[in-house]
Each structure stands twice: as structure tokens, then as C-alpha cells.
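Visitor: Listed below, chain by chain, are the residues.
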Amino acid sequence: MSAKLFNPRLLQTSSRLVTSSTASSASPIISAANATVLRRGLASVATGEAAPRESSKPRIKSFQIYRWNPDTPEKKPEMVKYDLDMNQMGPMVLDALIRIKNEIDPTLTFRRSCREGICGSCAMNIDGINTLACLCRISDLSKPTKIYPLPHTYVVKDLVPDLTQFYKQYRSIKPYLQRKDPPTGKEILQSIAERRKLDGLYECILCACCSTSCPSYWWNSSEYLGPAVLLQSYRWLADSRDQFKEERKQALENEMSLYRCHTIMNCARTCPKGLNPGLAIAQIKKEMAFSS
Amino acid sequence: MKRLTGLQREVLSLYRTCLREARKKPEATRQNFIRFARDEFRSHLSIDRKDFDTIEHLLRVGRRKLEVYSGEGLRMLFDSFSGGSGGCRGGE
Numbered sequence: 017m018s019a020k021l022f023n024p025r026l027l028q029t030s031s032r033l034v035t036s037s038t039a040s041s042a043s044p045i046i047s048a049a050n051a052t053v054l055r056r057g058l059a060s061v062a063t064g065e066a067a068p069r070e071s072s073k074p075r076i077k078s079f080q081i082y083r084w085n086p087d088t089p090e091k092k093p094e095m096v097k098y099d100l101d102m103n104q105m106g107p108m109v110l111d112a113l114i115r116i117k118n119e120i121d122p123t124l125t126f127r128r129s130c131r132e133g134i135c136g137s138c139a140m141n142i143d144g145i146n147t148l149a150c151l152c153r154i155s156d157l158s159k160p161t162k163i164y165p166l167p168h169t170y171v172v173k174d175l176v177p178d179l180t181q182f183y184k185q186y187r188s189i190k191p192y193l194q195r196k197d198p199p200t201g202k203e204i205l206q207s208i209a210e211r212r213k214l215d216g217l218y219e220c221i222l223c224a225c226c227s228t229s230c231p232s233y234w235w236n237s238s239e240y241l242g243p244a245v246l247l248q249s250y251r252w253l254a255d256s257r258d259q260f261k262e263e264r265k266q267a268l269e270n271e272m273s274l275y276r277c278h279t280i281m282n283c284a285r286t287c288p289k290g291l292n293p294g295l296a297i298a299q300i301k302k303e304m305a306f307s308s
Numbered sequence: 024m025k026r027l028t029g030l031q032r033e034v035l036s037l038y039r040t041c042l043r044e045a046r047k048k049p050e051a052t053r054q055n056f057i058r059f060a061r062d063e064f065r066s067h068l069s070i071d072r073k074d075f076d077t078i079e080h081l082l083r084v085g086r087r088k089l090e091v092y093s094g095e096g097l098r099m100l101f102d103s104f105s106g107g108s109g110g111c112r113g114g115e
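Here the protein sequences line up with chains A and B, keeping their order. In this text, residue positions in the first sequence follow the working numbering: the first is 17, and each later residue adds one. In this text, residue positions in the second sequence follow the working numbering: the first is 24, and each later residue adds one.
So that you can see chain A by itself, here it is in the shape it has in the complex:
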């Protein structure tokens, strides 16, 4: 069995923001002597289970996590420090959070579901950047990692943001296919080129990372729809099968819903899936300008 030299740089995902732990954590070099089967999936390779470590000295990494309990609302929020041994742990921040909850403090509260970056539950602010905890690698041991809930959101408890307004705004754009023709019972056909227009739009998991990174959304969250909802709104505008294009455009024809975007582009920087809401918003603006 040929053993390959494991190249840590191959682990870099497309998102520039995922902090890489490969530099400092001395990724295991799978030697010919103990060549184990290369397991699929990046996470398992990165933990270094293939090559046993010589030193069992604990590598301590500290996390500072925002804590607040609504049962004692008069007590102000605080940052609590937790120390974990990196030798015993998976590479992602979500692994750390789960370990803290299991072993140190069971009252730590956070949302999580798929652990693979597809559900969008674990969106939070890690070291100043809005990402999914399950996709964010733990950075080097030298500095403590600061974990906050999504910025400028009401907090239900600890790291859980209140996203009801976000969901209400999503509902308001009517995110479903609307047809004027009566249903024929047959599939609504779409060419390959038309389907390609939806790439980069349908992958949105509604994690709210982009909307909560937009300063314009911070200051006007009640009226401005925010990059996530506008991305989805463009997804329905660009869908060739949808026949209510004019009505959808008409709904955005006011000062606040769409035009509070000032191309700050924090949304595209922070999207954990690598989507570009800012570009979609620009395309909506273009359609609005050239049609009416």
C-alpha cells in the first residue's frame, strides 16, 4: 500500500475565513510504517488519529465564551473562560463547544444539528467572524478563541440568537414558486442554461451569518431585508419557472427593503458556504433599473 505524504494545505477549504490549525498543530505525516487506511472526510484526517503522538503533554487551548442566562436577567452578560486539551479533541469549534458542555459546564447553551455545515444551526461569531461552528477550525493555541452569538441580535440564552424577525422577513418575500398558468401535472421544463442561473443562489442554508454581519442590517433590521433574504429573493427572480417576476420586483420598489444595501460586502466575506449575496443584490438592482 503506497503511503502518501499528507499535505496539510490540501485541507484548506474555499472559504478564506476558516482558520487553519495546520500550521501549528504539526499535522501527522503518515509514514509507511504505520500506514492506516486514509479515511474519507477531512475532519478525521486532521485530528491525527492515524499517527499516535509521542508526547502526551496536554496542549491547552482556552476559549472565552459569552454567557447570559435569561432566568436571571438582571445579571449582565459575561465572558467565561474554558480550557481544553487539544489532544483529546476534534478540530472544529463545535467539537470544543460540545466537549465543554459534556465535561465542564452542562449549562452552556447553543444550537447545533448536522455538524457538517449544511443545516445552519450553529452560526455564531468566532474571533470576530460570523461562521458555522461546525466548519470553523480551532485556531492556534497561542491566543484564546472568543465566541459570541451573532452580532446585533437579541439573545435567547448564551450563544442562541433570536432569529424570528429574520424568518419573518424570509416569509415576506414569498419564497415559493408562483405560476399564472394552471398546473398541467407535467414537469415545468427548464433548460440547462436557465438552471445554471440558480447556482450560487439555491445553496443558501439561511444561517443568517451574512445578514448579521451587515452594518446596514444592524441599523435598519426592521425594514431592510438583509443579504440572506435578498439572495433568496433573487433566487426566485432568476428562476425561469416563476411567473410572478413583476410582482416580486414591485415588492422591492421602496426606499428600505432593497436599497439600504450600500455594497459594504461584509456578507460575501463572511458567508460560510462561499456564496455572494452582494452580487445577487447588485443583480436585483440592475433588473430593477433596466426594467421599469
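The set of hints was computed from the structure by calculation and includes no laboratory data. No residue lacks a Cβ here, since even glycine has one placed at the ideal position from N, Cα and C. Any given hint could be a false lead.
Not close to chain B: a few residues of chain A, all C-beta gaps over 12 Å, as computed [unchecked claim]:
no., residue
1, 83
2, 123
3, 144
4, 251
5, 261
6, 301
Derived pair list, reagent style DSSO-like, types lysine-lysine, alpha-carbon separation capped at 27 Å [what the hints assert, rightly or not]:
no., chain 1, residue 1, chain 2, residue 2
7, B, 73, A, 173
8, A, 173, B, 48
9, A, 91, B, 73
We have chain A; now place chain B onto it with these hints.
Guide: Just chain B now, with coordinates in the frame of chain A:
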């Protein structure tokens, strides 16, 4: 009587709204709703008058709870302190 501040007026307005909604509930369980509202407000009496953040948070949470409890189908409220009727959401 000293003049009420804006925040105090909001709290009283929320309390009044809760009582009004309670009066719309069926006769048998009305007391449960009224007692629930009263207990919720009383449990936070100790908060400092100037602690705006906490008060605003509690107002927000209170309004959200009011939205939930004032639904048409919700007819009973289980009161943990009384022996009383079990709570169930009426016909959906």
C-alpha cells in the same frame, strides 16, 4: 402621585393588555390566566427601576409570551401552584 416614566407606562400597558386578553378566555379558566400574568410580573418586582436593559428585555419576552398565550385555541393554563385543571391546547 409621582409622574410615571415612559418605561413604567409600557410595563403597565403590557399588564393591562395581559388582563384584557385573560378576560377573553373561557369563564372556567380565566382566573388561571389572570393569576399567571400577576405572578409573572410580581416575580420581577425586585429589579432596579433604572436597569433599562433588563426591563426592556423582560418587556420583549412578555410581549412574545402574550402573543403565544392569547391565541384563540389556547383555552386552559396549567397553574403549577393550584391542584387544578391540566392545560391543553383546544382544537387545532
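Visitor: A separate judgement is required for each hint: does it hold in the structure or not?
Guide: Okay, the hints, checked on the actual structure:
1. At roughly 15 Å from the closest C-beta of chain B, the C-beta of residue 83 of chain A stays outside 12 Å, upholding its exclusion from the interface.
2. Every Cβ of chain B is farther than 12 Å from the Cβ of residue 123 of chain A; the closest lies at roughly 19 Å, confirming the non-interface assignment.
3. The Cβ of residue 144 of chain A sits about 23 Å from the closest Cβ of chain B, beyond the 12 Å cut-off, so the non-interface label holds.
4. For residue 251 of chain A, the shortest C-beta to C-beta distance to chain B comes to about 30 Å, beyond the 12 Å cut-off, and the non-interface label holds.
5. Against chain B, the non-interface label of residue 261 of chain A holds: every CB pair exceeds 12 Å, the least being about 34 Å.
6. In this structure residue 301 of chain A is separated from chain B by more than 12 Å, as the shortest Cβ-Cβ distance comes to about 34 Å.
7. Of the supplied pair hints, the one linking residue 73 of chain B and residue 173 of chain A holds, its CA atoms being roughly 23 Å apart against a limit of 27 Å.
8. A hinted pair counts as satisfied when its Cα atoms are at most 27 Å apart, and residue 173 of chain A with residue 48 of chain B does not qualify at roughly 31 Å.
9. Between residue 91 of chain A and residue 73 of chain B the CA atoms are separated by roughly 14 Å; this keeps the pair inside 27 Å, and the hint holds.
Hint 8 from the earlier list is the only one contradicted by this structure; the remaining hints agree with it.
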